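Asks: Given these sequences and hints, build the entire structure.
There are 2 protein chains.
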Amino acid sequence: MNKYEQLASDIEEAIAAGTLRPGDRLPSVRETVASRGVSPSTVFEAYYLLEARGVVEARPRSGYFVRRSRDAAAEPHSPPPRAESTSVAVSDLVLEVLGSLRERDVVPMGSAFPSPWLFPLQRLARGGAAAMRQLAPDDLLEDLAAGNEDLRRQLALRYVANGVAVASEEIIVTSGAMEALNLCLQVATRPGDVVAIESPTFYGCLQALERLQLKAVEIETHPREGVQLESLRQALARHPVKACWFMPNFQNPTGSLMSVDKKQALVDLLARHEVPLIEDDAYAELYFGARRPPPAKAFDRKGLVMHCSSFSKCLAPGYRVGWTAAGRYAGAVERLKLMSTLSVAVPSQVAVLDYLRHGAFDKHLRGLRAALAQRQQQALQFVQQSFPAGTRVTRPEGGYLLWLELPAAVDALQLQRLALARNISVAPGHLFSTSPHFHNYIRLNYGHPAAERMQEAVRTLGQLVVELAARR
Amino acid sequence: MNKYEQLASDIEEAIAAGTLRPGDRLPSVRETVASRGVSPSTVFEAYYLLEARGVVEARPRSGYFVRRSRDAAAEPHSPPPRAESTSVAVSDLVLEVLGSLRERDVVPMGSAFPSPWLFPLQRLARGGAAAMRQLAPDDLLEDLAAGNEDLRRQLALRYVANGVAVASEEIIVTSGAMEALNLCLQVATRPGDVVAIESPTFYGCLQALERLQLKAVEIETHPREGVQLESLRQALARHPVKACWFMPNFQNPTGSLMSVDKKQALVDLLARHEVPLIEDDAYAELYFGARRPPPAKAFDRKGLVMHCSSFSKCLAPGYRVGWTAAGRYAGAVERLKLMSTLSVAVPSQVAVLDYLRHGAFDKHLRGLRAALAQRQQQALQFVQQSFPAGTRVTRPEGGYLLWLELPAAVDALQLQRLALARNISVAPGHLFSTSPHFHNYIRLNYGHPAAERMQEAVRTLGQLVVELAARR
Numbered sequence: 006m007n008k009y010e011q012l013a014s015d016i017e018e019a020i021a022a023g024t025l026r027p028g029d030r031l032p033s034v035r036e037t038v039a040s041r042g043v044s045p046s047t048v049f050e051a052y053y054l055l056e057a058r059g060v061v062e063a064r065p066r067s068g069y070f071v072r073r074s075r076d077a078a079a080e081p082h083s084p085p086p087r088a089e090s091t092s093v094a095v096s097d098l099v100l101e102v103l104g105s106l107r108e109r110d111v112v113p114m115g116s117a118f119p120s121p122w123l124f125p126l127q128r129l130a131r132g133g134a135a136a137m138r139q140l141a142p143d144d145l146l147e148d149l150a151a152g153n154e155d156l157r158r159q160l161a162l163r164y165v166a167n168g169v170a171v172a173s174e175e176i177i178v179t180s181g182a183m184e185a186l187n188l189c190l191q192v193a194t195r196p197g198d199v200v201a202i203e204s205p206t207f208y209g210c211l212q213a214l215e216r217l218q219l220k221a222v223e224i225e226t227h228p229r230e231g232v233q234l235e236s237l238r239q240a241l242a243r244h245p246v247k248a249c250w251f252m253p254n255f256q257n258p259t260g261s262l263m264s265v266d267k268k269q270a271l272v273d274l275l276a277r278h279e280v281p282l283i284e285d286d287a288y289a290e291l292y293f294g295a296r297r298p299p300p301a302k303a304f305d306r307k308g309l310v311m312h313c314s315s316f317s318k319c320l321a322p323g324y325r326v327g328w329t330a331a332g333r334y335a336g337a338v339e340r341l342k343l344m345s346t347l348s349v350a351v352p353s354q355v356a357v358l359d360y361l362r363h364g365a366f367d368k369h370l371r372g373l374r375a376a377l378a379q380r381q382q383q384a385l386q387f388v389q390q391s392f393p394a395g396t397r398v399t400r401p402e403g404g405y406l407l408w409l410e411l412p413a414a415v416d417a418l419q420l421q422r423l424a425l426a427r428n429i430s431v432a433p434g435h436l437f438s439t440s441p442h443f444h445n446y447i448r449l450n451y452g453h454p455a456a457e458r459m460q461e462a463v464r465t466l467g468q469l470v471v472e473l474a475a476r477r
Numbered sequence: 006m007n008k009y010e011q012l013a014s015d016i017e018e019a020i021a022a023g024t025l026r027p028g029d030r031l032p033s034v035r036e037t038v039a040s041r042g043v044s045p046s047t048v049f050e051a052y053y054l055l056e057a058r059g060v061v062e063a064r065p066r067s068g069y070f071v072r073r074s075r076d077a078a079a080e081p082h083s084p085p086p087r088a089e090s091t092s093v094a095v096s097d098l099v100l101e102v103l104g105s106l107r108e109r110d111v112v113p114m115g116s117a118f119p120s121p122w123l124f125p126l127q128r129l130a131r132g133g134a135a136a137m138r139q140l141a142p143d144d145l146l147e148d149l150a151a152g153n154e155d156l157r158r159q160l161a162l163r164y165v166a167n168g169v170a171v172a173s174e175e176i177i178v179t180s181g182a183m184e185a186l187n188l189c190l191q192v193a194t195r196p197g198d199v200v201a202i203e204s205p206t207f208y209g210c211l212q213a214l215e216r217l218q219l220k221a222v223e224i225e226t227h228p229r230e231g232v233q234l235e236s237l238r239q240a241l242a243r244h245p246v247k248a249c250w251f252m253p254n255f256q257n258p259t260g261s262l263m264s265v266d267k268k269q270a271l272v273d274l275l276a277r278h279e280v281p282l283i284e285d286d287a288y289a290e291l292y293f294g295a296r297r298p299p300p301a302k303a304f305d306r307k308g309l310v311m312h313c314s315s316f317s318k319c320l321a322p323g324y325r326v327g328w329t330a331a332g333r334y335a336g337a338v339e340r341l342k343l344m345s346t347l348s349v350a351v352p353s354q355v356a357v358l359d360y361l362r363h364g365a366f367d368k369h370l371r372g373l374r375a376a377l378a379q380r381q382q383q384a385l386q387f388v389q390q391s392f393p394a395g396t397r398v399t400r401p402e403g404g405y406l407l408w409l410e411l412p413a414a415v416d417a418l419q420l421q422r423l424a425l426a427r428n429i430s431v432a433p434g435h436l437f438s439t440s441p442h443f444h445n446y447i448r449l450n451y452g453h454p455a456a457e458r459m460q461e462a463v464r465t466l467g468q469l470v471v472e473l474a475a476r477r
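Protein chains in written order, with the working numbering: chain A, 6 to 477; chain B, 6 to 477.
In case anyone wonders, no lab produced these hints; they're calculated from the structure.
All values reported here derive from a predicted model rather than from experimental measurement.
Among these hints, one or two may not hold up.
Said to hold, decoys possible - A few chain B residues facing chain A, derived, Cβ under 8 Å: (1) L100; (2) G133; (3) P322; (4) R325; (5) V351.
Beta carbons: idealized from backbone N, C-alpha and C, even for Gly.
Replies: Here it is, written out as C-alpha cells:
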C-alpha cells in the first residue's frame with residue numbers, strides 16, 4: 006500500500022470507528038503534513054481518493070468534510086444467482102431498449118456510451134487525415150487481420166508502462182472491444198459449452214452467449230468488490246466451465262472494482278483449473294483514483310487471460326478500434342478474425358495511432374476522468390434528492406455508470422417505458438441477467454447530459470419511482 | 006438483347022461459322038453503320054464488348070481483327086463436383102498462402118485485391134477528414150448497427166439507378182463484404198446445415214462454412230457461364246439445402262458471368278424451394294462491357310436474396326465499408342451485427358459517403374475498368390507467350406483475376422511454393438474447393454504489377470510450369 010493509500014485507509018477507519026463523524030471537517034493539508042510527516046501531494050492524493058470513493062466531499066474554500074449522505078443511499082444488494090447453468094435469450098429486449106436511444110431528444114441515461122462531446126474529435130480527425138495522406142497505398146493491404154504493426158507496438162508499450170508484460174505479437178486489433186470479446190469467446194468454446202459470467206453482467210456478454218449457443222452459469226458479484234471467488238470456486242466444482250467472462254475493473258453495470266489481491270487470486274484459481282479468462286477491461290482508463298487499476302492480465306503466467314479493451318469509451322467513439330492481448334489464443338483469434346471481418350478500417354487505426362504518438366492522450370484522459378468524477382458527484386446528489394427511501398446506489402471509483410436498486414415493488418421495465426414517454430432512457434435490470442433478481446434495478450449513465458438536464462431527468466425518474474413504488 | 010449485343014452476337018456467330026476467320030479484319034464502323042442501319046456508338050459498344058470477351062483485338066490505326074490466339078489457350082474445364090455434402094477445412098492452407106502476400110517484394114499475383122495504387126486515396130482521405138470535422142459529435146453514436154443513414158440512402162439510390170428495387174431500410178453497412186456474407190450465412194443457417202456453393206468457389210466462402218460448422222454441397226460451375234442450374238436442381242432434390250452462396254457476376258476465382266436469363270431462372274428456382282441466396286457481388290462494378298451486369302437480386306420478388314458487396318475492390322481498399330441488402334433477413338442481420346461488431350467505423354463510412362456525393366465515382370470507375378481491361382489483355386498475352394501447350398485460361402468480362410488450368414501433371418501447391426521462392430505469389434486451386442479437382446489450377450491476379458514486372462513474373466511462372474509438367 007502506498008503512503009497516500011495508507012493515509013486514506015486510516016481516515017476511513019477513523020470514520021468507521023466514529024472518531025470522525027458525518028459533517029466533520031478533515032484536518033487541513035498543512036495540519037496533516039505536520040502530524041504525519043508526509044508531503045502535501047500525498048495528502049492531496051489521499052483526500053482525492055476518499056472523494057472519489059464518496060467518503061468525503063470538498064466544499065469550496067472550506068476544505069474536506071465527511072459526507073453525510075453515505076447512509077442515505079446504501080449499496081445495492083447482490084442476490085445469489087441460480088446454481089444451475091441456463092441458456093440465454095435477452096436480445097429482443099436489448100434491441101428494444103437500445104432502439105430507444107437513437108432519438109436525439111431523449112436524455113440518454115440508458116446509453117452504454119459517455120457523451121461524444123467529451124472527446125478530442127477534431128484533433129483525431131485532423132491527425133487521422135494527415136496520417137492517411139502520408140500512408141503508402143500498399144500499407145492499406147498490409148497487416149490484414151492482426152492490425153497495424155505500429156499501433157500494436159504502441160498498445161504493447163502502454164501495457165509495459167502499466168507493468169503488464171505483453172508483446173505486440175499477441176495483440177490483435179479488432180472492431181471495438183465487442184469484436185475482441187466475441188472472437189475470444191468463440192475460440193475458447195464450442196456450442197453448448199458452459200461459460201461463467203458475472204451476476205449482473207453486461208448485456209453484450211449475454212448476447213454473445215446467445216449468439217454462440219453457450220450456457221451461462223452466473224457468479225455472485227458484489228456491487229463494490231466484484232466477482233465473489235467462493236461463488237466461482239463452487240461453480241468450477243459443479244460445472245464443466247470452459248471459460249469465464251469477467252470485468253474486474255469498473256464492471257458494467259455495477260461499477261465494481263476487484264482489489265489487486267482478488268485479481269491475483271482469481272487468476273491463480275483459474276490457472277489451477279486451466280480455464281481461460283476473457284477480461285473485458287473497457288473502462289479501466291476512467292479511474293478516479295491515483296492510478297490505473299491493473300488488469301487481471303497483469304497476473305497471468307500461463308497465457309490464459311485474453312485481455313480485451315478499446316478506445317471507444319476513452320478516446321475515439323465511433324472509430325471502432327479495440328484489441329485483445331490474447332495470450333496463448335492469439336493465433337486462433339487472428340485466424341478467426343481473418344475469416345469473419347478480415348481487418349479493422351485503416352483510417353480508424355491510423356487516426357488512433359497518430360493520437361497516441363503525437364496527441365496528448367494522458368492529458369486528455371486526466372480531463373475526462375475529472376469531468377466524469379464531477380458528474381458522478383452531481384448524479385449521486387440528484388439521486389439522493391429525488392429518489393425515495395429504500396433506494397440503494399453504487400458509488401463506483403471510475404466510469405460513468407451508476408447501479409440503482411429501487412424499492413422492491415418497482416418494475417424497472419415499467420419504469421423504463423414510462424421514462425421513455427418523458428424522453429428519458431434508462432437501462433432496466435432485466436438486461437443484465439438471465440435471472441429475475443434485478444427486475445427492480447436500473448443502470449444510469451451520468452456521462453451524458455449537462456447538470457441541469459441531468460438534474461431534471463433524475464427528478465422525473467425519482468417521481469416515477471415514487472409512483473410505481475406506491476402503486477402496489 | 007440490346008442492339009449492340011445483337012450485333013456482337015451476330016459477329017460471334019460469323020466467326021463460329023468460319024465466315025470471319027482468325028486474323029480477319031472486321032468491317033469498319035462506317036461500313037457497319039451503313040450496312041446495319043445502327044448508330045456508330047452501337048458499333049463501338051459491340052466491338053468493345055467483343056474485345057472484352059477476347060474475340061477480337063484492336064490494332065492501332067488499323068481497326069478490329071478476329072483474334073488468332075483464342076484456340077491457343079482454351080477455356081478451363083469445369084469438372085463435376087462430388088455429389089455428397091462435405092465438411093470443410095481449408096483454413097490452414099489459406100492462412101499459409103495469404104501469409105506469403107505480406108512480403109513487399111513479392112509480385113502478388115496470388116492476392117485477392119487489386120493494386121491500391123489504382124484508387125483515389127488522397128481524395129478519399131481529404132474528403133473523409135473534412136466530413137469528420139463537420140460531423141456533430143452525436144452522429145458518432147447514431148445509427149449504430151445498420152450504418153450511416155445517408156450512406157444507406159446513397160446505396161439505395163445506386164441500386165435504383167441500376168434498376169434494382171432496394172429500400173435503404175433493408176441495407177446494413179458492414180465491415181467489408183466479408184462481414185456481410187458471414188452475417189447473412191449465419192442468419193440463414195444453424196450448425197450442421199447444408200449450403201450449396203460453387204465449384205470452384207472463393208476460399209472465404211469455404212472458411213465461413215468451416216467457422217460455422219456447415220456442410221458444403223458443391224455445384225458445377227462453368228468457367229464462363231457460372232452456376233449450372235441443372236446441377237443445382239439435382240442438389241436441391243438430393244440435399245436439405247438451407248442456403249446458396251453464389252457469385253453470379255465475375256465469380257472468384259473463375260471470373261464467370263451468369264447471363265441475365267440464367268440469373269432470373271436461378272432466382273425463380275430458389276424461390277420455388279424457398280431457399281435464400283447469399284449473393285456475393287463484390288466485383289460487379291469492374292465490368293469491361295457496356296454496363297453493369299445486374300445482380301440476381303434484381304429478380305428477387307420474395308426477399309430471399311441477400312445481396313452483399315463492398316467498396317474494397319472498386320474504391321476504398323482498407324476502409325472496410327461493405328453492405329448487404331438482405332431482403333426479409335435485414336432485421337436478423339442487423340441484430341446479429343449489433344451482437345458481434347456493433348457498427349462500422351464512422352470515419353470510413355463518411356469518407357465513402359463524401360466520395361459518393363462529391364467525388365467522381367463513376368469517372369473513377371471508368372478509368373479503373375479501362376486499366377484492368379488493358380492489364381487483362383497484357384496478362385493473357387504473357388500467359389500465351391510463356392505457358393506450355395495444354396494450358397487453358399479464362400477471359401473474364403470483368404475483374405482482375407484469371408483462372409488457369411495447367412497440364413494435369415502440375416501440382417499447383419508445388420508451383421506456389423516454387424514461385425514464392427522466386428518472389429512471386431499465386432493462389433493454388435487447392436484453396437477453392439473441398440474436392441481435389443483443382444489441384445492443377447491456379448488463380449492469377451493481374452490487377453497489381455506494372456507490365457514489365459508482370460511479364461517477367463508470368464515468364465518465370467511459365468518456366469516453372471514447364472519444368473513441373475516434365476518432371477512426372
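Asks: Hints broken by the structure, by number, lowest first?
Replies: none
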